[in-house]
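So the protein lines, in turn, are chains H and S.
In case it helps, our numbering puts the first sequence at residues 6 to 820.
In case it helps, our numbering puts the second sequence at residues 6 to 219.
In short, the hints are calculated from the structure, not lab data.
Every residue, glycine too, gets a C-beta built ideally from N, C-alpha and C.
Misleading hints may appear alongside valid ones.
Derived pair list, reagent style SDA-like, types lysine to any residue, alpha-carbon separation capped at 25 Å [as the list claims (entries may be wrong)]:
no., chain 1, residue 1, chain 2, residue 2
1, H, Lys696, S, Arg166
2, H, Lys464, S, Gly47
3, H, Lys696, S, Gln140
4, H, Lys464, S, Arg45
5, H, Lys696, S, Gln48
6, H, Lys459, S, Arg166
7, H, Lys646, S, Arg211
8, H, Lys464, S, Arg166
9, H, Lys193, H, Ala766
Some chain S residues near chain H, calculated using beta-carbon distances under 7 Å [claimed, not checked]:
no., residue
10, Phe49
11, Leu50
12, Pro51
13, Ala216
Partial chain H-side listing against chain S, Cβ under 10 Å, derived [unchecked claim]:
no., residue
14, Leu10
15, Gln12
16, Asp13
17, Phe15
18, Ala442
19, Ala455
20, Arg471
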Amino acid sequence: MLPPLFQDWFARRGWQPRDHQLALLDHAAGGRNVLLVAPTGGGKTLAGFLPSLVELAQRPRQGRRLHTLYISPLKALAVDVARNLEAPVAEMGLAVKVEARTGDTPAARRQRQRHAPPDILLTTPEQLALLVAHPCADRLFAGLKTVVLDELHALYNSKRGDLLALGLARLSTLAPGHRRVGLSATVKDPAPLRRYLMTQTGGDDALSDLVIAKGGAAPDIAISASESHVPWSGHLARHAMADVMAAIHASRTALVFVNTRSQAERTFQELWTINDDNLPIALHHGSLAPEQRRKVEAAMTRGDLRAAVCTSTLDLGIDWGAVDRVICIGAPKGAARLVQRIGRANHRLDESSAALLVPANRFEVLECHAARDAVLAGELDGERLKTGALDVLAQHVLGTAVAAPFDADALFAEVRGAAPYARLARPDFDAVVDFVATGGYALRRYDRYARLRKTPEGKYRLAHPRIAQDWRLNAGVIVEDPMVDIRLQSRGRPAGSGGRRLGQLEEYFIEQLAPGDTFVFAGDVLRFEGLREDAAYVTRTTDPQAQIPSYNGGKFPLSTFLAQRVREMVSRPQSWSDLPEPVHEWLRIQEWRSVIPKPGQLLVETFPRAKRHYLVCYPFEGRLAHQTLGMLLTRRLERLKLHPIGFVANEYALAIWAAHDMSGADMDALFDEDMLGDDLDAWLAESNLYKRTFRNCAIIAGLIQRRFPGKEKSGRQVTFSSDLIYDVLREHEPDHVLLRATYADAGEGLLDIARLGDMLARVRKRIVTRRLERVSPLAVPALLEISREMVAGAVDEAILRESEDALVRDAMRVD
Amino acid sequence: MIDVNGETLLLDPCGAAFLPAHGTLVFSDLHFEKGSAYARGGQFLPPYDTHATLRAMQGAVARHRPVRIIALGDTFHDEGAADRMDDSARALLAAMPADWIWIAGNHDPSPPAWMGGTVAEEYRLGGLIFRHEPQVMFQPGEVAGHLHPCASVSKWGRGVRRRCFVSDGLRLVMPSFGAYTGGLDVGDVAIAGLFAGPFHAYMLGRARVYAIAR
């Protein structure tokens with residue numbers, strides 16, 4: 006199968022072609038679409054390109070056309086893979102031109118790539134959307150033979166996946182014969198990815214072929230455990246920093262993963278306070294200035310670093326050769342995420358990767374154990390499959406018109422070929438086209454300003470070329486929170502002059518700062534001096550009591566799968582002996598004081614404390630779902646005249662406090678699924694998270710522009726006006742297509758409504774209630790979070806510690 | 006209720022000000038037809054802003070029963086806005102029973118004739134002078150709009166941003182009233198610079214106005 010030229014090359018390298026690499030050649034020869042599932046280090050990328058290289062090596066030398074298109078979720082990965090492909094191409098002397106194309110590619114080269122494309126083009130879903138919307142797209146893609154989709158597991162079930170699917174649907178019209186190869190990390194169920202690769206035809210799901218590479222060595226996962234002290238709450242794992250430092254000492258290069266940027270900042274600081282040997286330890290997260298990130302990446306590649314503290318920015322792709330250990334601080338949140346992160350260490354299949362998990366509190370100890378057990382058992386989290394978003398479709402419809410006038414029937418058929426849109430109903434499609442043309446309002450006031458007009462042949466065409474220009478500037482589905490530049494100036498100078506750019510922070514965080522407040526960023530304690538135009542000016546300070554950026558807690562919710570395993574672990578006392586002694590004791594006293602819920606049950610506890618009455622439940626469904634639940638339950642309790650005062654949610658539990666005893670309430674009725682009806686609607690109208698979801702949909706769909714030619718509209722203005730638009734639209738046209746898109750988005754992602762619904766259905770008639778005289782051990786972490794929420798940052802630490810100790814003493818008393 | 010240069014004003018949480026002694030209601034920056042102005046540029050904001058604004062005005066008129074209404078300029082979002090206003094909107098406007106004083110704004114230097122009432126650059130009433138753009142020099146008794154002031158406060162990790170009146174007891178800047186009008190923070194030099202000493206932001210709440218010292 007493999008031509009001699011290639012066999013020789015493998016031999017010269019001292020390599021043996023892997024089975025899955027050869028399998029992919031077979032599938033290619035048969036012209037089949039195929040999904041390759043392989044663990045990190047399996048030579049996955051080369052497997053994806055091998056058929057293209059073989060074909061290009063054998064092709065007659067004339068008239069170069071775009072042969073293979075490679076799509077990666079990360080710009081950096083596209084560039085990296087382009088570099089890695091140069092080696093085999095040069096070493097075999099192939100006349101194959103490989104180029105990357107990202108937002109950073111110079112405009113002149115991008116233009117040249119459209120007219121004289123390379124053989125292999127490596128790019129991102131956003132660039133593909135721009136390319137298929139170009140008037141010359143039909144010529145560019147006419148000779149396309151292969152599309153390679155890398156890290157498909159990270160893309161297929163997201164809005165970027167929708168955008169990519171629509172781009173692929175376009176390609177199946179422009180280059181009908183092309184073949185698709187999907188590359189994926191290990192997933193629980195490959196079927197949705199196989200479906201994603203195929204053009205759907207409306208009947209049964211069409212699935213691509215599947216090749217599963219043999220698994221590598223099992224990873225070596227340790228969990229840092231302190232037998233004396235495990236914190237009750239918090240996410241910083243300060244108690245374990247010595248363990249982390251020791252692990253760094255024992256590694257060549259370690260990646261220290263955390264879940265949020267504030268954790269990254271804090272961990273970085275903590276490590277440096279105990280870094281007595283001055284080991285080169287760096288910081289890497291998405292808010293740092295790009296130059297700074299590039300520097301860290303370069304040092305990493307050279308092997309100059311002993312450790313890098315990072316967030317999910319380093320989750321995917323790039324091959325850091327020297328990394329031999331991964332340290333995960335805090336909860337892993339999902340088994341698949343953990344596998345991904347562990348895979349960052351040691352890109353070689355036959356050696357096992359080393360990982361250290363560092364739980365920051367008691368619940369995280371449970372989560373870490375559950376995650377390790379799952380990974381070692383080879384079980385992974387599944388994902389709820391989302392349907393194609395209507396706002397993304399709106400962007401695509403306008404993009405299609407940017408390329409050329411389109412026929413609505415033909416476009417509808419094409420769009421339904423894209424897996425996420427396979428079940429799109431015609432009225433929804435028509436509503437989207439109407440939205441694109443005139444805003445889609447029942448009151449047809451904007452017909453005269455239509456963006457799309459009908460040609461005599463009944464096709465839709467752009468009303469004005471300017472619309473194409475605006476569309477290009479707003480294309481893409483990644484909507485960032487409005488960000489503010491952070492500029493460092495020397496002390497004593499007036500705010501607003503000069504200063505080096507350190508990076509960016511979310512505007513909502515900056516708006517909460519008063520001049521003089523201190524916070525940690527880019528590894529320094531900074532003093533906020535003032536906000537001028539679009540930059541926040543800061544000075545360096547030595548203030549040790551810095552206020553920490555609070556980035557809305559964890560970004561990733563606990564996966565449903567892992568939640569299930571944690572619940573099971575809690576419900577099985579025989580499994581507790583694996584846990585560190587403090588955690589074990591905690592659960593034993595809970596069992597004695599209250600009850601350990603059985604599998605499938607939801608425990609609801611009520612107890613008085615300090616003149617308030619508490620209700621605490623433990624669904625383990627993640628903070629977002631709990632927050633939604635908290636809002637809905639408080640509304641109900643209000644109607645029952647129990648006067649709820651507030652609530653707090655963490656990843657595992659929800660605590661509500663009220664002026665009256667809530668133990669008399671009918672819990673089955675309180676937790677009934679029907680709360681997802683009117684109460685939910687009423688709450689959504691007010692919810693800030695929901696308004697943010699609307700803003701994102703409005704930007705993606707093109708109702709609000711994120712940029713104007715020559716002038717960037719500041720995020721501040723966008724945020725404010727989208728709220729006004731939301732209020733007006735919700736009142737006057739609640740069924741508008743954009744509000745439907747927002748609802749779908751919130752239900753699937755941001756607010757976890759779907760997950761909440763599953764939970765409520767699951768626990769129906771299985772609620773166990775306990776009326777306690779005082780706080781239970783399980784309730785402590787949630788209650789501690791209340792004090793954190795209610796107490797301002799500058800309060801003396803000692804007071805906090807005092808109240809924490811009293812709470813714990815009460816909970817753990819065995820009298 | 007606040008005093009500005011000796012006159013008593015009632016600050017309505019909808020964003021209007023009422024002068025009981027003069028039976029006069031003041032709205033600022035109504036920006037009628039802002040939605041359709043954007044539509045001409047291909048951006049289709051929901052076309053309900055003019056009616057939403059008018060509805061809020063009706064509420065204020067019903068509460069205060071003014072004999073005189075002052076629109077403090079930028080009543081129309083652009084020169085063509087009055088022509089784009091539909092008949093039902095015009096009828097709603099005509100049905101508000103009061104004498105109208107239309108202050109000219111930078112968006113609408115010459116309000117259209119069909120509206121009736123008096124058109125003026127400035128208007129004096131008791132110790133107050135009404136104009137669209139605040140003057141930079143010390144102006145006791147000035148009531149102006151134009152700047153769309155907003156203020157934000159934060160507590161317990163949450164920030165709240167609202168439109169607001171701004172006053173130091175000598176002059177007043179009105180919040181914008183139009184449904185799609187955004188805002189400028191009171192800390193901005195364009196607003197804060199108008200006041201020599203400390204001032205208050207009167208933030209619009211659901212049922213009342215909250216005075217926040219600045």
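TODO: Give me the numbers of the hints this structure contradicts, sorted from smallest to largest.
DONE: 3, 6, 8, 13, 14, 15, 16 and 17
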